[in-house]
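Given only the sequences and the hints, what does the whole structure look like? Please build it.
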Amino acid sequence: MKSAVITFPGSNCDRDMDVALKKFGFKNKMVWHQDIELPKSDLVVLPGGFSYGDYLRCGSMASKSKIMQSVINFANSGGMVMGICNGFQILVETGLVPGVLLRNKYLEFICKNVFVKVNDKDSAYFKNIKNDVLELHIAHNEGNYFCTNDQLKEIEDNAQVAINYCNNEGKIEKSFNPNGSIKNIAGIFNKEKNVLGMMPHPERMIDPSLSGEDGSLFFKNLINNIK
Amino acid sequence: MKISVIITLKKDVLDPQGKVIHQALDGMGFDDVNEVRQGKYFEIDTKETDPQKAKNKVEEMCKKLLANLVIENYKIINAQ
Chain A
1 MKSAVITFPG
11 SNCDRDMDVA
21 LKKFGFKNKM
31 VWHQDIELPK
41 SDLVVLPGGF
51 SYGDYLRCGS
61 MASKSKIMQS
71 VINFANSGGM
81 VMGICNGFQI
91 LVETGLVPGV
101 LLRNKYLEFI
111 CKNVFVKVND
121 KDSAYFKNIK
131 NDVLELHIAH
141 NEGNYFCTND
151 QLKEIEDNAQ
161 VAINYCNNEG
171 KIEKSFNPNG
181 SIKNIAGIFN
191 KEKNVLGMMP
201 HPERMIDPSL
211 SGEDGSLFFK
221 NLINNIK
Chain B
1 MKISVIITLK
11 KDVLDPQGKV
21 IHQALDGMGF
31 DDVNEVRQGK
41 YFEIDTKETD
51 PQKAKNKVEE
61 MCKKLLANLV
71 IENYKIINAQ
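Listed in order, the protein sequences are those of chains A and B.
Its first residue numbered 1, the first sequence is counted upward by one per residue in the numbering used here.
Its first residue numbered 1, the second sequence is counted upward by one per residue in the numbering used here.
Hint data in this document are derived by calculation from the structure and do not stem from the laboratory.
None of these values were measured; they are calculated from a predicted model.
Check before you lean on any hint, since a few could be wrong.
Listed next, the in silico DSSO-like pairs over lysine-lysine satisfying Cα-Cα at most 27 Å (straight line) [claimed, not checked]:
1) B:40 - A:64
2) A:220 - A:29
3) B:63 - A:153
4) A:105 - A:130
5) A:64 - B:55
6) A:153 - A:174
7) B:10 - A:64
8) A:105 - B:11
9) A:174 - B:11
10) B:19 - B:40
11) B:47 - A:64
12) A:105 - B:40
13) B:64 - B:10
14) A:153 - B:55
15) A:191 - A:66
16) A:183 - B:55
17) B:63 - A:105
18) A:66 - B:55
Right, here's the structure in full:
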């Protein structure tokens with residue numbers, strides 16, 4: 001299985017993602033944001049970081065970079081595109097997934113482990129995943145998911161909410177919402193569910209000596225689903 | 001030609017920064033403030049000399065990059 005990770009100026013989780021993808025069997029290529037063509041890939045990842053210094057709005061400038069037209073075409077033709085953290089912010093700025101990510105409600109940069117409830121068991125990202133609740137890491141200043149009421153209705157009607165912040169038992173309540181996101185939303189799909197944006201970093205949870213292993217579950221399952 | 005643009009958050013969008021500024025003002029004794037909303041201001045110096053054309057271009061810039069229309073409104077305030 002082939003994957004591609006896009007590096008923007010200011011990306012800083014691109015190499016972690018490369019390590020994670022390779023660890024679980026992907027043949028990964030790093031792609032520079034000024035490239036025009038994507039290499040042949042089964043999965044394209046927009047990594048975390050601070051592309052363009054988070055200037056103007058997080059992800060806004062990266063969403064207009066040269067490679068993104070190819071990424072958008074790839075997504076529109078059904079290709080799997082996953083945006084993590086800043087990658088999620090870039091995805092919302094392209095319009096591939098609905099909504100926006102605002103400044104965290106309490107104005108703090110949040111860096112901690114959280115639990116997320118997997119709502120979706122149909123998409124290629126989460127199909128067959130054993131656990132309903134995953135412990136993943138978040139590190140962001142703008143992760144407060146927001147959309148209009150009309151968009152929210154559409155997202156919910158189409159079951160586009162991929163994961164919600166919850167407690168270790170999978171309870172989705174306000175007190176387990178780290179950043180003020182509407183309905184504890186931590187990750188969403190596009191309508192077709194081939195594009196996934198999420199704030200938590202699965203690539204940070206793949207090494208039992210450093211972290212939990214719920215990221216490993218995610219990647220193992222992901223490559224099996226794509227095969 | 002210089003054109004100015006003001007970007008403001010839409011009414012229903014939470015503005016935590018504006019809220020904190022409001023609280024700070026309150027603490028400083030400016031206790032008659034109802035609300036503070038923070039926005040952005042741009043000055044764009046363009047080679048275009050025709051005011052209407054320049055304004056149209058800036059409007060396109062607003063829609064494509066400067067503002068995110070899900071949460072923000074833009075206003076071109078000064079074309080001269």
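Outcome of the hint check:
1. B:40 - A:64: Satisfied, since the Cα-Cα distance of roughly 20 Å is no more than 27 Å.
2. A:220 - A:29: holds, 18 Å
3. B:63 - A:153: With a Cα-Cα distance of about 24 Å, the restraint between residue 63 (chain B) and residue 153 (chain A) holds, given a limit of 27 Å.
4. A:105 - A:130: violated, 32 Å
5. A:64 - B:55: holds, 22 Å
6. A:153 - A:174: holds, 19 Å
7. B:10 - A:64: holds, 23 Å
8. A:105 - B:11: holds, 16 Å
9. A:174 - B:11: holds, 23 Å
10. B:19 - B:40: holds, 16 Å
11. B:47 - A:64: holds, 22 Å
12. A:105 - B:40: holds, 19 Å
13. B:64 - B:10: Distance of about 17 Å is within 27 Å: holds.
14. A:153 - B:55: Roughly 35 Å between the alpha carbons, so the hint for residue 153 (chain A) and residue 55 (chain B) is violated.
15. A:191 - A:66: It holds: about 25 Å lies between the C-alpha atoms, which stays within 27 Å.
16. A:183 - B:55: Given that 27 Å is the threshold and the Cα spacing comes to 39 Å, the pair is violated.
17. B:63 - A:105: Measuring from Cα to Cα gives roughly 26 Å; hence the hint holds.
18. A:66 - B:55: Distance of about 26 Å is within 27 Å: holds.
The structure is inconsistent with the numbered hints 4, 14 and 16, although it conforms to all the rest.
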